[in-house]
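Which chain is which? The protein sequence lines are A, B, C and D, in order. Its first residue numbered 1, the first sequence is counted upward by one per residue in our numbering. Its first residue numbered 1001, the second sequence is counted upward by one per residue in our numbering. Its first residue numbered 2001, the third sequence is counted upward by one per residue in our numbering. Its first residue numbered 3001, the fourth sequence is counted upward by one per residue in our numbering.
I should point out that these hints are in silico values taken from the structure, not numbers from a laboratory. Since we're looking at a predicted model, the values are computed, not measured. Cβ atoms here follow ideal geometry from the backbone N, Cα and C, with glycine treated the same way. Hints may be right or wrong, so weigh each one.
Derived CB-CB ranges, DEER-like [to be verified]:
#: 1; chain 1: D; residue 1: G3068; chain 2: B; residue 2: A1021; range: 29 to 35 angstroms
#: 2; chain 1: D; residue 1: W3089; chain 2: C; residue 2: E2006; range: 44 to 50 angstroms
#: 3; chain 1: B; residue 1: L1012; chain 2: D; residue 2: W3150; range: 37 to 43 angstroms
#: 4; chain 1: C; residue 1: L2075; chain 2: D; residue 2: V3086; range: 17 to 23 angstroms
#: 5; chain 1: B; residue 1: A1016; chain 2: D; residue 2: W3074; range: 31 to 37 angstroms
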Amino acid sequence: MILIDLLQGMLLLAGVGFFLVGTLGILRFPDVYTRVHALTKADNLGLGLIVFGLLLGAESVPVALKLLLIWGLALVASATAGYLVARAARRRGVKPWKARSGGGA
Amino acid sequence: MPWLDLLLGLTLVVTAGLALAARDMFRAVVMFIVFGLLMALAWVRLQAPDIALAEAAIGAGLTGVLLLDTLGYLRRPFGSRVDKPEKHQ
Amino acid sequence: MNWLLEVVAVLLLVTLVLGLIRIWRGPTVADRMLAAQLFGTTGVGLLLVLAELQQMPALRDVALVLALLAVMAVLAFVARVWRQDPNDNHEGPS
Amino acid sequence: MLRQNRLKIMVQTGILCRQPAVLDNAQADWPRWSVMAEQRHAVDRLSWISAYALRLGLLLGVWWILSGSTGDWWFGLPLAVFAAAVSLWLTPPGRFRLRLHRMPFFAGFFLWQSLLAGWDVARRTLSPALPLRPEILHLPVVLPEGAPTWWLMLVISLLPGTLSVRLDEERSLEVHCLDSRLDVPASVRETELQIALLFGLRISGADGGQHS
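So here's chain A without its partners, still in its complex pose:
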């Protein structure tokens, strides 16, 4: 029991960590395209970890499945949203940010 609680706590905290990282990415990344990366990846992973953390404490099978359904919906939703925004930005000719010479680490 204590082990499950521990695992649940770790999953929840990791999920929150990824949410924070995703928001930080939205703040730090230089242009729309890179921000879409932060949004679709870090946030969906964060939500997924939180969902799996809550799954461990779910009281019944339908509740667990509902949590998974919500995650799936959120996945499709934000992947679609990210794609649509990136495509719209590309169509309008928003230039992707380029690293300066030798940029990155």
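The hints should help you fit chains B, C and D onto chain A, whose structure is shown.
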């Protein structure tokens, strides 16, 4: 959970203020959408999940869509700022 | 476990507040819309945590509705606001 | 940098027949693949019935989840019957069918990859130097049009360092990648392979296509 409620209440007021203060219409609309979402959370904290459901559907969802659609029909009052090339911060 | 859920909920709310900065700063409309979508995802997570914390299963339905409708704003944005070509700013969408 | 290649899509059934994309041969390491539909999925009455049954089953499952197994079937059952009919009317059954028994494998692949993706973004965000080297790549898509391509484009956006931007008429996918030093084409190729397996399509390896 006083911290949660305090932070939620403050953010709610700040968001409402920002939505009012925004000169850029698009910014105001997005702030309004966020305000609807936070309002739904506030209803949750007030033990009213049914109102939260309505607020999430109407405030954060449908009203946002309608306002964005309206903006699309207006003649781009926010036009010049839209495609400004960005600088790396 | 409740204290942990409380901490998680507060941290998620802090994340939302940080996201406000991106909405305010912009600089393009797409950035604002993205941040709004971020609010949707974070809000879903927060609602799920609160459902567990307050023992209110109905909140999961709120989360479901929010996940569905948060995209609608992005769809409306792409289909209506940002549909025009960059060169015909003088014309409104038909 | 354009990574283009001439691809030949060999189609066994004749349904998926299309011209090979006219692309040049700059990148030699891209294997020449071919996609073959495993069996013919003619859109006939049988496929309508089976599609209806599948969607009805899915909707009933969703109702079971949403209602919390309280057993309000007097409302849920007619609703599911109606909704399945509406969904058939709005989106007729396609040529491609998910192989349900492949779903667990694909879910495993997907979960692992999205874990890697989140970790990758976290690493880049938290590093003070912000190690980004974004680039837009053009990659040819071997999967047939329709559902498999849509799956590919959605899944790519959730994989490490890639984001699908748009698909042009010549079936070349514009991918925005976070770091051009990663081997993005290889991971996209791997994803295509997984999706092909999920849909029961066969992708043959480097010796399958005809090079020209």
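Cross-check of the supplied hints:
1. For the hinted restraint 29 to 35 angstroms between D/G3068 and B/A1021, the CB-CB distance of approximately 43 angstroms leaves it violated.
2. Taking the beta carbon of each, D/W3089 and C/E2006 are about 48 angstroms apart, inside 44 to 50 angstroms as hinted.
3. The hinted range of 37 to 43 angstroms is satisfied by B/L1012 and D/W3150, whose Cβ atoms lie roughly 39 angstroms apart.
4. Evaluation of the 17 to 23 angstroms hint for C/L2075 and D/V3086 yields a pass: the beta carbon distance comes to about 20 angstroms.
5. Distance hint check: the CB atoms of B/A1016 and D/W3074 are about 44 angstroms apart, inconsistent with the given range 31 to 37 angstroms.
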